[in-house]
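Trainee: Residue-level listing of the chains:
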Amino acid sequence: GAVVSQHPSRVICKSGTSVKIECRSLDFQATTMFWYRQFPKQSLMLMATSNEGSKATYEQGVEKDKFLINHASLTLSTLTVTSAHPEDSSFYICSASISGNYGYTFGSGTRLTVV
Amino acid sequence: GESVGLHLPTLSVQEGDNSIINCAYSNSASDYFIWYKQESGKGPQFIIDIRSNMDKRQGQRVTVLLNKTVKHLSLQIAATQPGDSAVYFCAETRYNFNKFYFGSGTKLNVKP
Numbered sequence: 001g002a003v004v005s006q007h008p009s010r011v012i013c014k015s016g017t018s019v020k021i022e023c024r025s026l027d028f029q030a031t032t033m034f035w036y037r038q039f040p041k042q043s044l045m046l047m048a049t050s051n052e053g054s055k056a057t058y059e060q061g062v063e064k065d066k067f068l069i070n071h072a073s074l075t076l077s078t079l080t081v082t083s084a085h086p087e088d089s090s091f092y093i094c095s096a097s098i099s100g101n102y103g104y105t106f107g108s109g110t111r112l113t114v115v
Numbered sequence: 001g002e003s004v005g006l007h008l009p010t011l012s013v014q015e016g017d018n019s020i021i022n023c024a025y026s027n028s029a030s031d032y033f034i035w036y037k038q039e040s041g042k043g044p045q046f047i048i049d050i051r052s053n054m055d056k057r058q059g060q061r062v063t064v065l066l067n068k069t070v071k072h073l074s075l076q077i078a079a080t081q082p083g084d085s086a087v088y089f090c091a092e093t094r095y096n097f098n099k100f101y102f103g104s105g106t107k108l109n110v111k112p
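These protein sequence lines are chains P and L, in that order. Reminder that position 21 of the first sequence reads as 21 in this note's numbering, one-by-one numbering, no gaps. Reminder that position 82 of the second sequence reads as 82 in this note's numbering, one-by-one numbering, no gaps.
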């Protein structure tokens with residue numbers, strides 16, 4: 001079946017630094033990937049849609065200059081949290097979609113803690 | 001964006017009993033729904049899906065019911081087991097739209 005891998009699973013960074021999170025589709029090509037953020041005891045909030053070879057589409061209220069998304073290949077999308085602050089601490093999850101299918105394959109998530 | 005909400009934040013059931021988790025959605029244009037299970041510290045896991053041209057769909061121990069008239073869907077888990085303990089989310093989208101919007105989640109506690 002479709003497998004999505006996220007790396008790292010946990011990261012702690014200092015306030016003001018940038019952190020890159022990778023999302024890989026291991027056994028299929030993903031034309032579209034999605035990035036979600038989840039705060040403790042809350043639901044997943046869609047941040048952006050990452051499209052291979054084109055700019056990401058951000059949801060309303062998500063700062064595109066702060067959350068940089070790159071989808072340079074059909075198997076890799078990256079989310080970079082720039083100038084991270086403690087309020088950016090969250091669980092970030094990606095999902096990948098095969099063209100013509102539905103984006104319901106999720107990665108295992110990345111726990112970001114900004115200190 | 002679309003609004004998807006759940007009625008019960010926490011549900012406790014006895015092992016072996018049936019569980020029913022409810023979800024309301026607000027976008028009448030939504031025509032595809034998925035139930036996910038999320039264990040602590042992990043990504044969501046697909047459970048079952050249903051399209052708007054169906055009222056009911058059954059899987060292994062799980063059944064999803066869709067009532068488009070009142071924009072409500074439910075997840076029924078038969079013979080609930082301790083391994084079913086998790087947070088359950090419904091998510092909705094429009095067919096081929098691919099973007100999913102999640103409800104607020106229900107935590108299911110299964111008591112032995």
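Read the hints as simulated data drawn from the structure, not as lab findings. Each hint should be verified, as a subset may be incorrect.
Within a straight-line C-alpha distance of at most 20 angstroms, the following computed SDA-like cross-link-like pairs (lysine to any residue) qualify [said to hold, decoys possible]: (1) 66/P - 31/P; (2) 111/L - 83/L; (3) 41/P - 104/L; (4) 41/P - 39/L; (5) 107/L - 39/P; (6) 66/P - 46/P; (7) 41/P - 65/L; (8) 99/L - 57/P; (9) 107/L - 91/P; (10) 42/L - 78/P; (11) 42/L - 57/P; (12) 107/L - 20/L; (13) 99/L - 51/P; (14) 99/L - 113/P; (15) 20/P - 18/L; (16) 99/L - 52/P; (17) 99/L - 54/P; (18) 66/P - 28/P; (19) 41/P - 78/P; (20) 41/P - 9/L; (21) 99/L - 27/L; (22) 41/P - 87/P; (23) 99/L - 75/P; (24) 99/L - 114/P; (25) 66/P - 88/P; (26) 56/L - 68/L; (27) 99/L - 62/P; (28) 107/L - 108/P; (29) 99/L - 63/P; (30) 55/P - 10/P; (31) 99/L - 42/P; (32) 64/P - 39/L; (33) 41/P - 42/L; (34) 64/P - 108/P.
To be clear about the criterion: a stretch of chain L counts as covered by chain P if any three or more of its residues have a C-beta under 8 angstroms from a C-beta of chain P, and this derived list gives those stretches [unchecked claim]: (35) 45 to 59; (36) 64 to 72.
Some residues of chain P that are not near chain L, with every Cβ distance over 10 angstroms (derived) [claimed, not checked]: (37) 8; (38) 14; (39) 24; (40) 26.
Ideal Cβ placement from N, Cα and C applies to all residues, glycine included.
Trainee: Is residue 66/P close enough to residue 46/P, meaning Cα to Cα at most 20 angstroms?
Mentor: Holds - the C-alpha atoms of residue 46/P and residue 66/P are around 15 angstroms apart, at most 20 angstroms.
Trainee: Verify the proposed pairing of residue 107/L with residue 91/P, using a straight-line Cα cut of 20 angstroms.
Mentor: With a Cα-Cα distance of about 18 angstroms, the restraint between residue 107/L and residue 91/P holds, given a limit of 20 angstroms.
Trainee: Holds or violated: residue 41/P with residue 65/L, Cα cutoff 20 angstroms?
Mentor: Distance ~25 angstroms between residue 41/P and residue 65/L Cα, so the pair is violated.
Trainee: Check whether the Cα positions of residue 99/L and residue 51/P lie no farther apart than 20 angstroms.
Mentor: This hinted pair holds, its Cα atoms lying about 12 angstroms apart.
Trainee: Take the C-alpha atoms of residue 107/L and residue 39/P, compute the straight-line distance between them, and say whether it is at most 20 angstroms.
Mentor: 15 angstroms, holds
Trainee: Count the residues of the region 64 to 72 of chain L whose CB lies closer than 8 angstroms to any CB of chain P, then report whether that count reaches three.
Mentor: Our answer is that it is violated, as 0 residues pass the Cβ test (under 8 angstroms) against chain P, missing three.
Trainee: Beyond 10 angstroms from every Cβ of chain L: is that where the Cβ of residue 8/P lies?
Mentor: Per Cβ check, residue 8/P is outside 10 angstroms of chain L; nearest 13 angstroms; holds.
Trainee: Given the hinted pair residue 99/L and residue 63/P, is their Cα-Cα distance within 20 angstroms?
Mentor: Holds. Residue 99/L to residue 63/P sits at ~18 angstroms (cutoff 20 angstroms).
Trainee: Given the proposed pairing of residue 56/L with residue 68/L, does the C-alpha separation stay at or below 20 angstroms?
Mentor: With Cα atoms ~11 angstroms apart, residue 56/L and residue 68/L stay inside 20 angstroms; holds.
Trainee: Starting from residue 64/P, check that the Cα of residue 108/P is at most 20 angstroms away, please.
Mentor: 23 angstroms, violated
Trainee: Is the straight-line distance between the alpha-carbon of residue 111/L and that of residue 83/L 20 angstroms or less?
Mentor: 11 angstroms, holds
Trainee: Does residue 99/L pair with residue 52/P here, judged by a C-alpha cut-off of 20 angstroms?
Mentor: 15 angstroms, holds
Hint compliance for this structure: hints 1, 7, 11, 14, 15, 18, 19, 24, 30, 32, 34, 36 are broken, all remaining hints hold.
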